[in-house]
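*Asks:* Going line by line, the protein sequences match chains F and P.
The letter at position 112 of the first sequence is residue 112 when you use the working numbering, and the numbering goes up by one with no holes.
The letter at position 17 of the second sequence is residue 17 when you use the working numbering, and the numbering goes up by one with no holes.
These are calculated hints, taken from the structure and not from any lab test.
Every residue, glycine too, gets a C-beta built ideally from N, C-alpha and C.
Accuracy of the hints is not assured; some may be wrong.
[What the hints assert, rightly or not] Calculated cross-link-like contacts (lysine-lysine; reagent style DSSO-like; alpha-carbon spacing at most 30 Å):
| no. | chain 1 | residue 1 | chain 2 | residue 2 |
| --- | --- | --- | --- | --- |
| 1 | F | Lys116 | P | Lys70 |
| 2 | F | Lys109 | P | Lys11 |
| 3 | P | Lys57 | P | Lys70 |
| 4 | F | Lys112 | P | Lys57 |
| 5 | F | Lys112 | F | Lys3 |
| 6 | F | Lys38 | F | Lys16 |
| 7 | F | Lys109 | F | Lys70 |
| 8 | F | Lys38 | P | Lys57 |
| 9 | P | Lys53 | P | Lys70 |
| 10 | P | Lys57 | F | Lys109 |
| 11 | P | Lys57 | F | Lys3 |
| 12 | F | Lys3 | F | Lys70 |
| 13 | F | Lys38 | F | Lys70 |
| 14 | P | Lys11 | F | Lys112 |
| 15 | P | Lys11 | P | Lys70 |
[Said to hold, decoys possible] Short derived list, chain P residues pointing at chain F, Cβ under 10 Å:
| no. | residue |
| --- | --- |
| 16 | Tyr31 |
| 17 | Tyr35 |
| 18 | Gln37 |
| 19 | Gly40 |
| 20 | Leu45 |
| 21 | Glu59 |
| 22 | Val88 |
| 23 | Phe90 |
| 24 | Lys94 |
| 25 | Glu104 |
| 26 | Phe107 |
| 27 | Pro109 |
Take a look at the letters that make up each chain.
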Amino acid sequence: AQKVTQAQTEISVVEKEDVTLDCVYETRDTTYYLFWYKQPPSGELVFLIRRNSFDEQNEISGRYSWNFQKSTSSFNFTITASQVVDSAVYFCALSEARGGSQGNLIFGKGTKLSVKP
Amino acid sequence: DAGITQSPRHKVTETGTPVTLRCHQTENHRYMYWYRQDPGHGLRLIHYSYGVKDTDKGEVSDGYSVSRSKTEDFLLTLESATSSQTSVYFCAIKSAEAGLTYNEQFFGPGTRLTVL
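Whole structure, please, built from the sequences with the hints as guidance.
*Replies:* Have a look at this one:
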């Protein structure tokens, strides 16, 4: 069975601090996708990134970076020099790489990040 | 912008009344989903659709039904609302091009439903 665990329920940091959000997943599939979504206080869900299981390269996008490690079944998300606008709930998700109905997303319970000025 | 709208955006209703939430998309996506979001539970899949008149149950389907008579509309119905169905409901679509899909989903703005 597939499962996503975000052990950090809430994190609070001061602006300009770096922060890492942890995501640990379980799957029996050898090929799968991992995702991160952001939900700001306004409530919408924003897609941030998709990672394929066969590509373990880390990815950087501005202040955001993602560290994918198959050996530890983790897909962690780091925000460098955090800003107040980064305050949100962040969700990690997993899906099988097959298409169709098997490609449904399994979400973690989310980590609420508060960035104080 | 994935062209997804949800209506209504807010609704307050009483226990035992039927409620229908509508999800509308403008880009002919085949896959559509209904989730509910509750504190401490994240997002949980209620039902999904993989085409017109093709639907299937998700993790928390009890008390809900869905219909998809047109590609663009996916309706979620609470036949007899209960207080445990107070939640924020999100619709989503899965983007696929030429049969290739990476499974990411894009979400509508959400509907906040309160059952008194």
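*Asks:* Please go over all the hints and tell whether each is borne out by the structure.
*Replies:* Hints, one by one, checked against the model:
Taking the CA atoms of Lys116/F and Lys70/P, the gap is near 46 Å; set against the 30 Å cutoff, the hint is violated. With a C-alpha separation of about 25 Å, the suggested pair Lys109/F and Lys11/P falls inside the 30 Å cut-off, and the hint holds. Distance hint between Lys57/P and Lys70/P is fulfilled; the C-alpha atoms sit about 19 Å from each other, no more than 30 Å. With a C-alpha separation of about 29 Å, the suggested pairing of Lys112/F with Lys57/P holds against the 30 Å cut-off.
Note on Lys112/F and Lys3/F: the hinted pairing holds, with a Cα-Cα distance of about 19 Å set against a maximum of 30 Å. This hinted pair checks out: Lys38/F and Lys16/F have alpha carbons roughly 19 Å apart, not beyond 30 Å. Of the supplied pair hints, the one linking Lys109/F and Lys70/F holds, its CA atoms being roughly 21 Å apart against a limit of 30 Å. The suggested pairing of Lys38/F with Lys57/P holds, with an alpha-carbon distance near 26 Å, which does not exceed 30 Å.
Between Lys53/P and Lys70/P the CA atoms are separated by roughly 8 Å; this keeps the pair inside 30 Å, and the hint holds. Taken as a hint, the Lys57/P and Lys109/F pair is honoured in the structure, with Cα atoms around 20 Å apart against an allowance of 30 Å. For the given pair, Lys57/P sits about 18 Å from Lys3/F by alpha-carbon distance, which is consistent with the 30 Å threshold. With a CA separation close to 15 Å, the supplied pair Lys3/F and Lys70/F stays within the 30 Å bound.
At roughly 23 Å between alpha-carbon atoms, Lys38/F and Lys70/F fall within 30 Å of each other, so this suggested pair holds. Taken as a hint, the Lys11/P and Lys112/F pair is honoured in the structure, with Cα atoms around 26 Å apart against an allowance of 30 Å. Restraint check: the Cα-Cα separation between Lys11/P and Lys70/P comes to about 24 Å, which is no more than 30 Å; the hinted pair holds. A least Cβ separation of about 8 Å between Tyr31/P and chain F falls short of the 10 Å threshold, and the interface hint therefore holds.
Because the smallest distance between the Cβ of Tyr35/P and any Cβ of chain F comes to about 8 Å, under 10 Å, the interface hint for this residue holds. With a cut of 10 Å, the hint placing Gln37/P at the interface with chain F holds, because the nearest CB-to-CB distance is about 8 Å. This hint holds: Gly40/P has a C-beta 7 Å from the nearest C-beta of chain F, less than the 10 Å allowed. A cut of 10 Å between beta carbons decides the hint on Leu45/P: the least distance to chain F is about 6 Å, and the hint holds.
About 9 Å separates the beta-carbon of Glu59/P from the nearest beta-carbon of chain F, less than 10 Å, and the hint is met. Given the 10 Å rule on beta carbons, the hint for Val88/P holds: about 7 Å separates it from the nearest Cβ of chain F. For Phe90/P, the interface hint holds, since its Cβ comes within 10 Å of a Cβ in chain F; the closest pair sits about 6 Å apart. Of the supplied interface hints, the one on Lys94/P holds, with its beta-carbon coming within about 7 Å of a beta-carbon of chain F, less than 10 Å.
For Glu104/P, the shortest C-beta to C-beta distance to chain F is roughly 5 Å, which falls under 10 Å, so the interface hint holds. Below 10 Å, beta-carbon pairs count as interface contacts, and Phe107/P has one with chain F at about 4 Å; its hint therefore holds. Restraint check, Pro109/P versus chain F: the minimum CB separation of about 6 Å is within 10 Å; hint holds.
Checked against the numbered hints above, the structure breaks only hint 1 and satisfies the rest.
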